[in-house]
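Asks: Here the protein sequences come in this chain order: A and S. Per the numbering used here, residue 19 is the first one in the first sequence, and the count goes up by one each step. Per the numbering used here, residue 3 is the first one in the second sequence, and the count goes up by one each step.
Since the hints were made in silico from the structure, they are not lab data. Mixed in with the good hints, there may be bad ones.
To be verified - As a list, the in silico DSSO-like pairs of lysine-lysine whose alpha-carbon atoms are at most 30 Å apart:
id	chain 1	residue 1	chain 2	residue 2
1	A	Lys127	S	Lys404
2	S	Lys53	S	Lys240
3	S	Lys7	S	Lys120
4	A	Lys187	A	Lys222
5	S	Lys404	A	Lys93
6	A	Lys45	A	Lys128
7	S	Lys399	A	Lys93
8	A	Lys222	A	Lys171
9	A	Lys150	S	Lys14
10	S	Lys53	A	Lys128
11	A	Lys214	S	Lys251
12	A	Lys93	S	Lys53
13	A	Lys127	A	Lys85
14	S	Lys243	S	Lys53
15	A	Lys217	A	Lys56
16	A	Lys93	S	Lys7
Residues per chain are reported as follows:
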Amino acid sequence: MIDVRGLTFQYPSGPSFTFPDFSCASKEHVLVLGQSGKGKTTLLHLLAGMLRPTAGNILIQNTDITKLSNRELDKFRGREIGIIFQTAHFVDSINVIDNLMLSPFLSGKKTPLEDAMAVLERLSVAHKAKEKPASLSVGEQQRCAIARAVFHKPSLIFADEPTSALDDKNADQVIDMLEEQAQQTGATLIIVTHDKRLKDRFQKQITL
Amino acid sequence: MRLLKISWSNIKHKPLNTLLSIVLLAFGIGIISMMLLLKAQISEKFDRNIKDIDFVLAAKGSPLQSMLANIYHVDVPTGNIKVSEAKRIIKNPMVAEAIPLAYGDNYEKYRIVGTNEKYPNHYGCTVAEGNLFAAPFEVTIGSSVARETGLKLGSTFTSVHGYDNAAEDTDAHHHQLFTVVGIFARSNSVIDNLILTPVETTWMVHEHPEETATGDSTSVDSTHVEPEREMTAYLIKKRNKGAFGMLSKQTEDTTMQLANVAVENSRLMNNFGLGLSTITAIAVVIMVISFISIFISLFNSMRERRYELALMRTMGGTRATLFALIIQEGLLLVSIGYAVGLLLSRTGLLVLSKFMEESFHYGLDNLAITTQELALLGLTLFVGLLASVIPAWQALKIDISKTLTNA
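From just these sequences and the hints, can you work out the full model?
Replies: In structure tokens, the structure reads:
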């Protein structure tokens, strides 16, 4: 599913990172742990093709994404990867359901509206579908962000520090949600975090 | 979900910014479009009224005034001319046609013009109801006159001395009754706003005014001779080139003068055009400001939405999509501004037309989109494109990783 070899990244006039080689199988759930400044987010952005590595290869489903053109990479990302960022962000001018449907529109991967509604339903935010993102509570926003990342059934789901701002109860709930949605869609889940509370919940861990 | 919907939502999301841009642009476009319409319509209307009239033969004075008074009926005439003198000129073989005009009275500010059938025929005017005037004190009225005054076939009225002043004092009223015998079909020419009657009517109304006024029938002067017949003007069509110089020479020792319509009209249009140019220049400045406003608005909105744009990239949006999105927002803004501007110019023109109809009996009615306005649309879209290219270019260069990390 994912195979990372000899990956390094050098920020222009900034720190450089060398990442350990690793691979993970399809539908596996992986925790990437590391203290601040170890390049967790950098790794996630590299895996999602949002950054180009200085050296090394990233194979996702037998596609070396380091070899794709900009446009191919944008499209590949849109189809195969769902990303949940540390803080939920949306296109403010359109409502929640339109924000979700933006994803199939932009990636060109046909996904019916019903699928989006079904996921919102599963995450108990379906009643917010017609509202503007800014009117939602932070918790509701995060659920909607998760829904957006998973409803189009990507083969990979990335989450960047999804629990760092949450108390124990809510943190557990969010991880439950992520695992559940990943299972439902048969996606590989990679969570990047420094949150030690998550250590016991994942068998496969990569420490930076 | 279409890109247009996103653009539209983005525009609606910042209503005040959008309003400012659109209002500025609409005013610029509105004024320019109104100037274009005004210029086109007035010159069209003027041309229609000039229609092959080459010269105006009238009393000495300002030739421009002579044209304004006798062709457009918007100014007072320069005086009267003697028929006997005028005959020498209009009988000249260089004159193809001479239309007599004798006037001095009005009814509710509509001029009563003594003439013959050549005058309405010249403008291709047909009688819609009733007949053309035949006997003195019979009148055939223009369509606007009929509409505004409510005169109908068989209506009678008395005239007021003067050109377009409804004189308050009763002394200025004449006592003879005019009878409406016909109504002209609308011709979009000056005839629409005139009351036509035989030349004799005008002569009869103004003959011996002191006698009719005093009503003293016993003091008729036995030595009275047939008075010298007078005319206000003749509208002349020439037969061949060079007629102006020849005919003009003949008026040298008389009280008459020949106004060259082409020359006077171009002088009029130049003066008029200068006013329009000034207003248009102001409108251009407003438009430039509006484009700067649109540019700033798009640029700011792009900066504020960097995160959104980066987010759209992570969802599979390509650079080209984002570029198109921002360009589209710019074009949408200017298109709305353009549409509102055209609406404004039409409204303005209708108001102006109403005012002109009331003051000068001169309406403007053609509200169709002119080819110049289509060119204006092209220009608007082009400049809208320019205003959005830089923000769109900035959107292309967004570093999604950095933007999403720092958000």
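Asks: Now look at each hint and say whether the structure bears it out.
Replies: Now the hints, each set against the structure:
1. Note on Lys127(A) and Lys404(S): the hinted pairing holds, with a Cα-Cα distance of about 26 Å set against a maximum of 30 Å.
2. Using a Cα cut-off of 30 Å, the hinted pair Lys53(S) and Lys240(S) holds, with the two alpha carbons roughly 12 Å apart.
3. With a C-alpha separation of about 62 Å, the suggested pair Lys7(S) and Lys120(S) falls outside the 30 Å cut-off, and the hint is violated.
4. A hinted pair counts as satisfied when its Cα atoms are at most 30 Å apart, and Lys187(A) with Lys222(A) qualifies at roughly 23 Å.
5. Between Lys404(S) and Lys93(A) the alpha-carbon distance is near 20 Å, which keeps this suggested pair within the 30 Å criterion.
6. Taking the CA atoms of Lys45(A) and Lys128(A), the gap is about 22 Å. The hint holds against a cut of 30 Å.
7. With a C-alpha separation of about 17 Å, the suggested pair Lys399(S) and Lys93(A) falls inside the 30 Å cut-off, and the hint holds.
8. Taking the CA atoms of Lys222(A) and Lys171(A), the gap is near 22 Å; set against the 30 Å cutoff, the hint holds.
9. Of the supplied pair hints, the one linking Lys150(A) and Lys14(S) holds, its CA atoms being roughly 13 Å apart against a limit of 30 Å.
10. For the proposed pair Lys53(S) and Lys128(A), the alpha carbon gap of about 66 Å is over 30 Å, so the pair is violated.
11. The suggested pairing of Lys214(A) with Lys251(S) is violated, with an alpha-carbon distance near 111 Å, which exceeds 30 Å.
12. A threshold of 30 Å between alpha carbons decides the hint, and for Lys93(A) with Lys53(S) the separation of about 67 Å lies outside it, so the pair is violated.
13. In summary, the hint linking Lys127(A) to Lys85(A) is supported, as the alpha carbons are separated by about 22 Å, within the 30 Å threshold.
14. Straight-line distance between C-alpha atoms of Lys243(S) and Lys53(S) comes to about 17 Å, which keeps the hinted pair within the 30 Å bound.
15. A distance of roughly 17 Å separates the Cα atoms of Lys217(A) and Lys56(A); the hinted pair therefore holds under the 30 Å criterion.
16. Distance hint between Lys93(A) and Lys7(S) is fulfilled; the C-alpha atoms sit about 21 Å from each other, no more than 30 Å.
Checked against the numbered hints given earlier, this structure breaks hints 3, 10, 11, 12; the rest are met.
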